[in-house]
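**Q** Each protein sequence line maps, in turn, to chains A, B and C. Just so you know, we're using the UniProt record's numbering here: the first sequence kicks off at 1 and counts up by one. Just so you know, we're using the UniProt record's numbering here: the second sequence kicks off at 1 and counts up by one. Just so you know, we're using the UniProt record's numbering here: the third sequence kicks off at 1 and counts up by one.
There may be inaccurate statements among the hints.
Claimed, not checked - Simulated coverage check for chain A against chain B, where a stretch passes if three residues somewhere in it have a Cβ under 8 Å from a Cβ of chain B: (1) 29–42; (2) 61–72; (3) 289–296; (4) 313–320.
Please keep in mind that the hints were generated in silico from the structure rather than gathered at the bench. Please read these numbers as outputs of a predicted model, since none were measured by experiment. Here a beta-carbon is modelled for each residue, glycine too, at the ideal position from N, C-alpha and C.
The primary structure of each chain is shown beneath.
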Amino acid sequence: MADAQWTRHHVLSLAEFTPADYDTVVQTAVSFREVLSRRTKKVPTLQGQVVTNLFFEPSTRTRSSFELAAKRLSADVLNFATGSSSLTKGETILDTAKTYLAMGADIMVIRHREAGVPHTIATELDRLASGVAVLNAGDGQHEHPSQALLDLFTLCLSLDAKNPGIEPLQGKKIAIVGDILHSRVARSNLWSLSACGAEVHLAAPPTLLPADFAAAFTTASSLPRTIVQHWQLAPALERADFVMTLRLQQERMSQHRLPSLREYHQQFGLTHARIRQCQPGVKLLHPGPVNRGVELSSELMDDPALSLIPQQVTSGVAVRMALLYLMGSRPR
Amino acid sequence: MADAQWTRHHVLSLAEFTPADYDTVVQTAVSFREVLSRRTKKVPTLQGQVVTNLFFEPSTRTRSSFELAAKRLSADVLNFATGSSSLTKGETILDTAKTYLAMGADIMVIRHREAGVPHTIATELDRLASGVAVLNAGDGQHEHPSQALLDLFTLCLSLDAKNPGIEPLQGKKIAIVGDILHSRVARSNLWSLSACGAEVHLAAPPTLLPADFAAAFTTASSLPRTIVQHWQLAPALERADFVMTLRLQQERMSQHRLPSLREYHQQFGLTHARIRQCQPGVKLLHPGPVNRGVELSSELMDDPALSLIPQQVTSGVAVRMALLYLMGSRPR
Amino acid sequence: MADAQWTRHHVLSLAEFTPADYDTVVQTAVSFREVLSRRTKKVPTLQGQVVTNLFFEPSTRTRSSFELAAKRLSADVLNFATGSSSLTKGETILDTAKTYLAMGADIMVIRHREAGVPHTIATELDRLASGVAVLNAGDGQHEHPSQALLDLFTLCLSLDAKNPGIEPLQGKKIAIVGDILHSRVARSNLWSLSACGAEVHLAAPPTLLPADFAAAFTTASSLPRTIVQHWQLAPALERADFVMTLRLQQERMSQHRLPSLREYHQQFGLTHARIRQCQPGVKLLHPGPVNRGVELSSELMDDPALSLIPQQVTSGVAVRMALLYLMGSRPR
Numbered sequence: 001m002a003d004a005q006w007t008r009h010h011v012l013s014l015a016e017f018t019p020a021d022y023d024t025v026v027q028t029a030v031s032f033r034e035v036l037s038r039r040t041k042k043v044p045t046l047q048g049q050v051v052t053n054l055f056f057e058p059s060t061r062t063r064s065s066f067e068l069a070a071k072r073l074s075a076d077v078l079n080f081a082t083g084s085s086s087l088t089k090g091e092t093i094l095d096t097a098k099t100y101l102a103m104g105a106d107i108m109v110i111r112h113r114e115a116g117v118p119h120t121i122a123t124e125l126d127r128l129a130s131g132v133a134v135l136n137a138g139d140g141q142h143e144h145p146s147q148a149l150l151d152l153f154t155l156c157l158s159l160d161a162k163n164p165g166i167e168p169l170q171g172k173k174i175a176i177v178g179d180i181l182h183s184r185v186a187r188s189n190l191w192s193l194s195a196c197g198a199e200v201h202l203a204a205p206p207t208l209l210p211a212d213f214a215a216a217f218t219t220a221s222s223l224p225r226t227i228v229q230h231w232q233l234a235p236a237l238e239r240a241d242f243v244m245t246l247r248l249q250q251e252r253m254s255q256h257r258l259p260s261l262r263e264y265h266q267q268f269g270l271t272h273a274r275i276r277q278c279q280p281g282v283k284l285l286h287p288g289p290v291n292r293g294v295e296l297s298s299e300l301m302d303d304p305a306l307s308l309i310p311q312q313v314t315s316g317v318a319v320r321m322a323l324l325y326l327m328g329s330r331p332r
Numbered sequence: 001m002a003d004a005q006w007t008r009h010h011v012l013s014l015a016e017f018t019p020a021d022y023d024t025v026v027q028t029a030v031s032f033r034e035v036l037s038r039r040t041k042k043v044p045t046l047q048g049q050v051v052t053n054l055f056f057e058p059s060t061r062t063r064s065s066f067e068l069a070a071k072r073l074s075a076d077v078l079n080f081a082t083g084s085s086s087l088t089k090g091e092t093i094l095d096t097a098k099t100y101l102a103m104g105a106d107i108m109v110i111r112h113r114e115a116g117v118p119h120t121i122a123t124e125l126d127r128l129a130s131g132v133a134v135l136n137a138g139d140g141q142h143e144h145p146s147q148a149l150l151d152l153f154t155l156c157l158s159l160d161a162k163n164p165g166i167e168p169l170q171g172k173k174i175a176i177v178g179d180i181l182h183s184r185v186a187r188s189n190l191w192s193l194s195a196c197g198a199e200v201h202l203a204a205p206p207t208l209l210p211a212d213f214a215a216a217f218t219t220a221s222s223l224p225r226t227i228v229q230h231w232q233l234a235p236a237l238e239r240a241d242f243v244m245t246l247r248l249q250q251e252r253m254s255q256h257r258l259p260s261l262r263e264y265h266q267q268f269g270l271t272h273a274r275i276r277q278c279q280p281g282v283k284l285l286h287p288g289p290v291n292r293g294v295e296l297s298s299e300l301m302d303d304p305a306l307s308l309i310p311q312q313v314t315s316g317v318a319v320r321m322a323l324l325y326l327m328g329s330r331p332r
Numbered sequence: 001m002a003d004a005q006w007t008r009h010h011v012l013s014l015a016e017f018t019p020a021d022y023d024t025v026v027q028t029a030v031s032f033r034e035v036l037s038r039r040t041k042k043v044p045t046l047q048g049q050v051v052t053n054l055f056f057e058p059s060t061r062t063r064s065s066f067e068l069a070a071k072r073l074s075a076d077v078l079n080f081a082t083g084s085s086s087l088t089k090g091e092t093i094l095d096t097a098k099t100y101l102a103m104g105a106d107i108m109v110i111r112h113r114e115a116g117v118p119h120t121i122a123t124e125l126d127r128l129a130s131g132v133a134v135l136n137a138g139d140g141q142h143e144h145p146s147q148a149l150l151d152l153f154t155l156c157l158s159l160d161a162k163n164p165g166i167e168p169l170q171g172k173k174i175a176i177v178g179d180i181l182h183s184r185v186a187r188s189n190l191w192s193l194s195a196c197g198a199e200v201h202l203a204a205p206p207t208l209l210p211a212d213f214a215a216a217f218t219t220a221s222s223l224p225r226t227i228v229q230h231w232q233l234a235p236a237l238e239r240a241d242f243v244m245t246l247r248l249q250q251e252r253m254s255q256h257r258l259p260s261l262r263e264y265h266q267q268f269g270l271t272h273a274r275i276r277q278c279q280p281g282v283k284l285l286h287p288g289p290v291n292r293g294v295e296l297s298s299e300l301m302d303d304p305a306l307s308l309i310p311q312q313v314t315s316g317v318a319v320r321m322a323l324l325y326l327m328g329s330r331p332r
C-alpha cells in the first residue's frame, strides 16, 4: 500500500490535487484491483469502522459502488437516504451530519443537489475536531471527485494495463463532449486530466459551454493546464486519444438550452462514423447511466473494442476502496 | 454438501428440472437447515462474494428471505430497488444489470413484473462470458422457481422429517386452488410437483383457469406428468394429501374476472368444514402474504395441525441458501 | 458484563422497571461504551443472530442507531420499512411479524404509530413459544424505552463520568418541557427518572399537559415517585439540574393546541437567558431532531457547555447494544 505521501483528510474537490496525489490514488487502486481479482474479494482494512452514505439526492449506482467498496474493506455501512428522513421533520443538514458523527461515523460519503454542502459539513466537523473524513460523492454542479478519479484510473489502465500510472497521460488529447456547463463530472475531470498533463478539449453547443468556461480552471491554478473549447464536435474529436461523453439531463430541453434530443444527437452524439476522425485506438468513456441514441449510438456503447464504460464501473469500486482506505487509515 | 450432480448455472425456470435436480436442492437444503438450527446460524461459504438483489418489482418478504440467506452464507449483499434508481433516468434494464456485473456481482437475484426479464439478462450475461449466475425471483406471470422449491422442501419435510426426499411425493394428490392463470407460483409448482410424481389437481373458476391450461405442461415435457383441471373446489379437495392456495390479487375484481371476494371465498375459500373432504392428515400451503378470510379462513391459517405456512417461510431461507450455494460454488 | 440480574425478556415499557434493572442497563452500557472507544468498535456477541428492524413508522435516526448497535454486536440485520411492504398487500401486522419469526429472527425491534403494537406482537410470539424478544422502539404516544434509557445513561455519565450509576440521580431536579401529552419519550422518561429517585417537574401549556397527567404514574406504581406539574416554564426551571425539552410536532398547530410556534417559543422555548434560573452547571437534553428556534435557541443547542444532545446520540448506540445484548444472550 502506497500512502506515505497522502496528506489529505477530506476529498471535496480536485482543484488542489497535485500529480503526486493522483499517482497515490492510482497506485493504491492498483493494489485493491488485485484484491478484487481474488475469489475472496475482501480485506479487513476498515473492520469496525463505520462508513455513512449520506445521500440527500437519490442515487443507486454511486451509492452501490461506495457501499460495495466499504463492505470489501470490512467496514460497517449505514445508508441514509432522503425520504424516510428527519429532514422532512425540519432538521438541518448539519444537524443530520452531527447526529451520524455522534453515532460514531468514521467516514461520511455525501451527495447533495446543492454545491458546497459536503464542504460545509466538513468545515463543521473540523471545527468540532471530530476527525471524521468527508468524501464528496457529487454536489450540485460543482464536483464529483471519485468519478473523475475512477475515470483517471480507467485511462491509466487503458494506456498501460501492466504498470498503470499517470505519466502516459502527458500530451494525450482527451475530448469531453456534452453538457459541460451543468456537469460536476466535467469539472472534476478538468482538474484531474489537465493536472496530469493531458490536453483537454471541450465540445458543446454555446448554451452548454460559455466562452469563459475554461478560464476558471487555467487562471486559478498553480499548475500549467491546457484546456481548449469548441462549439462543434469535429475539432474536439480530431486525433483525440479518448472521448468522454457526458450524460444529458432531460430537463435541458424544457430549459430551452437544446432544441431536441434528436438534433443534439445529430450534432454532438457519437457514432462509429464520427469516431473515425479520432486517433486510431481511441476509447470512449461515459459516467453513466447512458441515454442510448442520445449521447452515443447503441452500437458504439456495445462495441468492446471502443467502449471503456464497463471498465469505468469496475474501476469505481477499486478507486473508492482506495479513497476510503487513504482517508480511513490516516492517523488522527 | 451434495452438489456433484448439479450442472445448472442459472435458475430461471423449473421446466427442464429433473428429479435429480430437485433431489440435489432438497438434500442441500437439509444441510443448511441443520446450520439454521445452531446458535450461530452462519457459514463462510460465500465470503467475499457479492449477491445483488435486483428487485424491479417491490417485495419485502422474498427480498428479505434472499438477503438473509445470502448473509448467512457470509456473502456481501447489494439491494437494488426501483424508485431511487437510474431506471427513472432512462437506463435500460440490461444496462443496469451490466453495471452490477461490472461492479463485481457474482449472483444476481432478479424480480421483474414482466415475464422473461431474468432470462434476457442471463442470456446477455452469458454472451459476455461473465460467469454471473441469475436466479429468477419472480417474473410476471411466468415463474417463481425458489418459491416452488421451498414448497417442495416443505412437502418433503412434512412427509418424512427425519430423512426428507422427493420419493414419498410419488402418487400423492396435491390440489392447487385459486388464481392459477395469473400465478407464477402455480406455474413453477406445476413443473416441480408433477416431475416428482405427484398428481396435481387444479381448481379455479373458468375465468382463472382456461380449459387448455394444463396441456402446456404435459405436452411440452419429456417427463410423464399428471395434471387434472377442475372448475369446482370439491373434486380437487377429495382425498387430497396437500392443498396449496394461491394469493388472490385484488385487481382481479376490477378486471371482472371475479364477482366479489365474498363470493370467491364461498366457492373456493378453504375452511375447516371443506378440508374434511381431504385425506386425513392433510396439510395446507400458501405462498403468502395471505388475505385472511379470502383464500382461507383465519381459523384454518392459525391451526398448527393443518397449516404449513410458517414452515414454508422457514424452508425458504434454507432453500435459498442451497440455491445460492449451488450456483455460487459452481466452477467457472 | 453484568447480566446475572436481568430477568426481562421483552422491553416494551419501563412501567415495571426496578432500580436494579436500570442499573443493569447502565452498567452494561458502560462496558459497550468502552468497546466503542476502541479503534475496532466491534464484538462477536450476537454473531449469527438476526435482529429485525420492523419500522411501520418512518424513522432514520432511531433505525440507524439500532442498526449500528446490532452490527457492532456482529448480528445480521434485516430492515423492514413500510412502503415497499406486504402491508400494502393486505397482510396483517401480526402476520408480518410471524413471517420474520419463521425466517429466523432472534430479536425484533418494532416501531409503530399505534400504541400497543409491540406488546400485541410480543404476546403472540410468546403464545407461540417462539423465544423471540421484542424491543419497543416507539409505539404511538405510549412509550419509547430505549430513548429514556439512553437519556438515563447520559445523565449518569454527566453526573459521574468515571463511575456512572443511578445513585447520583437521587434528589436531582429534572424538568421536562414541551408537548408532554403526546410524547412517548416523556412517558418513558417519567417512569425511569422517578424510579431512580429524581424529582421530575413537567412544564407545558394546559392543552399539552392535562391536570391529572402525573397521577397515572404515581398512583399506579409500587415505587415512590415525585412528579410535579407546572403550566409555566419558570417554576420548572428554577434550580433544575437538568432540562429535557421535547420535540414539538408541527401538527399541534393545526389541532389548535398551540397558537403559533413563535408564541410557543416565547413561553416555553429555552434560551441562555432562561437557563440562568436553573442550578449552576445545568445541562440540556433533547431527543432530536430539534426544531431550532422553537424548543430551544440555536445558540443554546450549539453550546457545548450546556447541551448534552450529542452525548445522547452517542449513548444511544451503547445503550442499544446493551439492550440487544441483554435480550439476545438470555437463555431460552
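**Q** A separate judgement is required for each hint: does it hold in the structure or not?
**A** Hint check results:
{"no.": "1", "hint": "29–42", "verdict": "holds (count 6)"}
{"no.": "2", "hint": "61–72", "verdict": "holds (count 7)"}
{"no.": "3", "hint": "289–296", "verdict": "holds (count 4)"}
{"no.": "4", "hint": "313–320", "verdict": "holds (count 4)"}
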